[in-house]
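Line by line, the protein sequences give chains A and B.
Under the numbering used here, the first sequence has 60 at position 60, and the numbering climbs by one with no breaks.
Under the numbering used here, the second sequence has 81 at position 81, and the numbering climbs by one with no breaks.
Heads up, some of the hints might be wrong.
[Stated by the list, open to error] Chain A residues, not near chain B, derived (Cβ > 12 angstroms throughout):
hint, residue
1, N14
2, Q30
3, G39
4, M61
5, K68
6, P72
7, F89
8, H91
9, A110
10, E114
11, R124
12, L159
13, T171
14, E187
15, D222
16, D229
[Stated by the list, open to error] Just the calculated beta-carbon pair ranges, DEER-fashion:
hint, chain 1, residue 1, chain 2, residue 2, range
17, B, P39, A, L63, 34 to 40 angstroms
18, B, E109, A, R198, 34 to 40 angstroms
19, A, A166, B, V204, 40 to 46 angstroms
20, B, L67, A, G39, 56 to 62 angstroms
21, B, I31, A, A8, 54 to 60 angstroms
Read the hints as simulated data drawn from the structure, not as lab findings.
Treat the numbers as computed from the prediction; the structure is a model and nothing was measured.
Even glycine gets a Cβ: it sits at the ideal position worked out from N, Cα and C.
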Amino acid sequence: MSAVSFEAVSFSYNGKAVLGPLSLSVPAGQTLVLLGQSGSGKTTALRLVNAMLVPTSGDVMVLGKRVKEWNPVALRRSVGYMIQDVGLFPHMNVERNIGIVPQLLGWETARTAERVRALLGLLRLDRSLATRLPHELSGGQRQRVGVARALAADPPILLCDEPFGALDPFTRAELQLEFRQLVAELEKTVLFVTHDVREAVHLGDRVALLDRGALEFSGTLDEFQQSTDPAVSALREYL
Amino acid sequence: MIEFFEYMWATRAEVLRHTVEHIGLVGVSTILAVAVGVPLGVVITRRARLRGPVLGVANVFQTIPSLAMFGFLIPLPFIGGIGARSAIVALVVYALLPIVRNTYTGITEVDAAVRDAAVGMGMTDREILRLVELPLAFPVMIAGIRVATVIGVGIATIAAAIGAGGLGVFIFQGVSRVDHLTILAGAIPAALMALILDGGLHLVERRLDWRRKRT
Numbered sequence: 001m002s003a004v005s006f007e008a009v010s011f012s013y014n015g016k017a018v019l020g021p022l023s024l025s026v027p028a029g030q031t032l033v034l035l036g037q038s039g040s041g042k043t044t045a046l047r048l049v050n051a052m053l054v055p056t057s058g059d060v061m062v063l064g065k066r067v068k069e070w071n072p073v074a075l076r077r078s079v080g081y082m083i084q085d086v087g088l089f090p091h092m093n094v095e096r097n098i099g100i101v102p103q104l105l106g107w108e109t110a111r112t113a114e115r116v117r118a119l120l121g122l123l124r125l126d127r128s129l130a131t132r133l134p135h136e137l138s139g140g141q142r143q144r145v146g147v148a149r150a151l152a153a154d155p156p157i158l159l160c161d162e163p164f165g166a167l168d169p170f171t172r173a174e175l176q177l178e179f180r181q182l183v184a185e186l187e188k189t190v191l192f193v194t195h196d197v198r199e200a201v202h203l204g205d206r207v208a209l210l211d212r213g214a215l216e217f218s219g220t221l222d223e224f225q226q227s228t229d230p231a232v233s234a235l236r237e238y239l
Numbered sequence: 001m002i003e004f005f006e007y008m009w010a011t012r013a014e015v016l017r018h019t020v021e022h023i024g025l026v027g028v029s030t031i032l033a034v035a036v037g038v039p040l041g042v043v044i045t046r047r048a049r050l051r052g053p054v055l056g057v058a059n060v061f062q063t064i065p066s067l068a069m070f071g072f073l074i075p076l077p078f079i080g081g082i083g084a085r086s087a088i089v090a091l092v093v094y095a096l097l098p099i100v101r102n103t104y105t106g107i108t109e110v111d112a113a114v115r116d117a118a119v120g121m122g123m124t125d126r127e128i129l130r131l132v133e134l135p136l137a138f139p140v141m142i143a144g145i146r147v148a149t150v151i152g153v154g155i156a157t158i159a160a161a162i163g164a165g166g167l168g169v170f171i172f173q174g175v176s177r178v179d180h181l182t183i184l185a186g187a188i189p190a191a192l193m194a195l196i197l198d199g200g201l202h203l204v205e206r207r208l209d210w211r212r213k214r215t
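Isolated chain A (complex conformation) (with noise of 0.2 angstroms):
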């Protein structure tokens, strides 16, 4: 079963077509990596699966259900979020931030801490940091933070948006590699929008190459380490 599927899906902006028509899907536990240039459509795709952009013609479907028919503030809270610059709270502790979801869904406190509490053991944050603001942790501290907010609710998908895209080569490898883990173990769905075919590559189950709003290749890893469509070889020449 699929997770999330695009259903022939368009998007204009100011009569301008950015998108599409775009069909794909997801399957139900997979990380499906979206590739693609900057301006390649790749974060509007993603910002249509939680409502934060309306389809201008097409459906998008999240756990079975038409991205119209959902609430978009219900739809929200049970999708995980990550973007690049991670958007944590600024005026709120570490604590705050990951527990700001099942705080928006009315969470008894003791339940978010004990939530929070586990999440900082899984991001292997230490517990010291809980009451630290966001702008005296490290980069990747942020950024797990971010993994775990996302995380907080037990979401069974995630969005990502270049998460990763600000940080040093290392702690992006180490992030990668945790990240690929975690959503592996916590059987997640997860898109993952990035430009960098090496993260594709590491994290993907399966890759979709966007260019300028259309859909060039998808397929699984092994079909996209296989293909001989040109464009895909000579992204292949990055790895």
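Given chain A's structure and the hints, the job is docking chain B onto it.
Just chain B now, with coordinates in the frame of chain A:
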């Protein structure tokens, strides 16, 4: 100098009374201006079409000479007349611009990535305002309230012209009698009041600044 202190001591009861009146005028008008100005500032972050008119009107209010403003209010029913009510209305009008503008600026300066994350987490507009935008905008908003308060202390001295009392009473008396001591008996406490309020609100501003770690 000694002469001044002797004069202040001799008239201490009056100085105290007018100081209290003055604090009352500034306090009440600032509280009202916050009650009106902060919601207005929030509204214009949500309704872009209202931004120009609201800031424009507040701006124009600011340019009306204060003595003229007090004069205009005297003949008006309900909000005007002789006394403290007119004075408070005028002071609210002057305080609006810095409060509205700083609320607006504080909120619009919130990092786009932070707001994007808030929407993506599934916050409603009200939750974004309450949990993210207002706390982040607080230092800027308090700075606006600070400016409004200091301006208010100065303008409130003119309220004596329409019988609203306050430290301006000494100033007007002193001017008409060409008596420096009486002018100073109004001007010096007013200046001190402005300094103290400015300093006090500056402390509040720093306390509320999220960049400073809470203990």
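Status of the hints after comparison with the structure:
1. N14: The claim holds: A:N14 sits with its nearest Cβ about 17 angstroms from chain B, beyond 12 angstroms.
2. Q30: holds, 22 angstroms
3. G39: The assertion about A:G39 holds, with a minimum of 18 angstroms to chain B.
4. M61: holds, 19 angstroms
5. K68: holds, 16 angstroms
6. P72: Non-interface label fails for A:P72: nearest chain B Cβ at 8 angstroms, not farther than 12 angstroms.
7. F89: violated, 6 angstroms
8. H91: With a cut-off of 12 angstroms, A:H91 comes too close to chain B, as the shortest Cβ separation is near 3 angstroms.
9. A110: holds, 20 angstroms
10. E114: Since the minimum Cβ distance to chain B is about 20 angstroms, A:E114 lies beyond 12 angstroms and the statement holds.
11. R124: holds, 22 angstroms
12. L159: The claim is violated: A:L159 sits with its nearest Cβ about 8 angstroms from chain B, within 12 angstroms.
13. T171: The claim holds: A:T171 sits with its nearest Cβ about 19 angstroms from chain B, beyond 12 angstroms.
14. E187: About 22 angstroms separates A:E187 from the closest Cβ of chain B, which puts it past 12 angstroms; holds.
15. D222: A:D222 clear of chain B: closest Cβ-Cβ about 32 angstroms, beyond 12 angstroms.
16. D229: holds, 33 angstroms
17. B:P39 with A:L63: 34 to 40 angstroms: holds, 39 angstroms
18. B:E109 with A:R198: 34 to 40 angstroms: holds, 36 angstroms
19. A:A166 with B:V204: 40 to 46 angstroms: For B:V204 against A:A166, whose Cβ atoms are near 35 angstroms apart, the range 40 to 46 angstroms is violated.
20. B:L67 with A:G39: 56 to 62 angstroms: The hinted range 56 to 62 angstroms holds for B:L67 and A:G39, with Cβ atoms some 59 angstroms apart.
21. B:I31 with A:A8: 54 to 60 angstroms: Given about 57 angstroms between the Cβ atoms, the range holds.
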